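Student: Go by the hints and put chain H onto chain P.
Going down the list, the sequences are from chains P and H.
Heads up, the first sequence is in our numbering, so the first residue is -15 and it goes up one at a time.
Heads up, the second sequence is in our numbering, so the first residue is 665 and it goes up one at a time.
Derived from the structure by calculation, the hints contain no laboratory data.
Predicted model, so just to flag it, every value in this text is computed and none were measured.
We put the beta carbon where it would ideally sit given N, CA and C, even for glycine.
Worth double-checking, as some hints may not be accurate.
To be verified - For lysine-lysine, the following DSSO-like pairs were computed, each having C-alpha atoms within a straight-line distance of at most 30 Å: (1) H:Lys774 <-> P:Lys26; (2) H:Lys731 <-> P:Lys67; (3) H:Lys734 <-> H:Lys774; (4) H:Lys771 <-> P:Lys26; (5) P:Lys67 <-> H:Lys720; (6) H:Lys771 <-> H:Lys732; (7) P:Lys62 <-> H:Lys734; (8) H:Lys774 <-> P:Lys67; (9) P:Lys67 <-> H:Lys771; (10) H:Lys731 <-> H:Lys720; (11) P:Lys41 <-> P:Lys67; (12) H:Lys774 <-> H:Lys731; (13) P:Lys41 <-> H:Lys771; (14) P:Lys67 <-> P:Lys26; (15) H:Lys720 <-> H:Lys771; (16) H:Lys774 <-> H:Lys720; (17) P:Lys62 <-> P:Lys26; (18) P:Lys41 <-> H:Lys774; (19) P:Lys26 <-> P:Lys41; (20) H:Lys731 <-> H:Lys771; (21) H:Lys720 <-> H:Lys732; (22) H:Lys731 <-> P:Lys26; (23) P:Lys62 <-> P:Lys41; (24) P:Lys62 <-> H:Lys771; (25) H:Lys734 <-> P:Lys26; (26) P:Lys67 <-> H:Lys734; (27) H:Lys734 <-> H:Lys720; (28) H:Lys774 <-> H:Lys732; (29) H:Lys771 <-> H:Lys734.
Stated by the list, open to error - Derived Cβ-Cβ restraints for the label pairs, each shown as a range: (30) H:Lys720 <-> P:Met(-1): 45 to 51 Å; (31) H:Glu702 <-> P:Val(-4): 40 to 46 Å; (32) H:Met719 <-> P:Leu14: 18 to 24 Å.
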Amino acid sequence: EPEVTQTPSHQVTQMGQEVILRCVPISNHLYFYWYRQILGQKVEFLVSFYNNEISEKSEIFDDQFSVERPDGSNFTLKIRSTKLEDSAMYFCASSSLAGGPSIQYFGAGTRLSVL
Amino acid sequence: GEDVEQSLFLSVREGDSSVINCTYTDSSSTYLYWYKQEPGAGLQLLTYIFSNMDMKQDQRLTVLLNKKDKHLSLRIADTQTGDSAIYFCAERPWDSGAGSYQLTFGKGTKLSVIP
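Looking at chain P on its own, in the form it has when it is part of the complex (with noise of 0.2 Å):
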């Protein structure tokens, strides 16, 4: 079964260091995003990207945020300068539509430290 792949699972940094978080979506998925979900807290969406755009944006994805599809299969996340706050999991969804049910499939995420 087609499935999102995150990579790397577990990512430590030091803060104001720059992190790339990679993703995978299912191949033919024509819409990607990226939430986080901060220890005990609730899955948060960060961005939704389509047609090489981003189509919308949370709060919480400012200026230190950029995503980015590189090439025909790699979603990446960017965080330029990372803050303690940033420590939180990552996951990454793709989805084939956008309307109906658009049903979005998610990664395994990537755990991001930052010390």
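Tutor: Frame of chain P; chain H shown alone:
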């Protein structure tokens, strides 16, 4: 904005039924989803329901929706130890032309199944 609330913990004996509850605040037509997260794994979609339905059944899973009270429940019949996981309720507004496809999640209910 939308909000989704769930109780955090549920413990049941193997073979009993589990009922996981969720409330949401969106007043428009909406899709409601149940995701399951096992340790170290991503969010796996279990089922979904549109808000014009009252009930949906899929094998051991029954989803009940009380639209008036904005209350959603997931019943797992004959609960097994393999059902131990965190269960997330999520909602997404129906296509309103606003182009918002983000999911709003609850905090998740940790289901523990006692052998």
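Student: Checking each numbered hint in turn, tell me which of them this model violates, lowest number first.
Tutor: 2, 5, 7, 26, 31, 32
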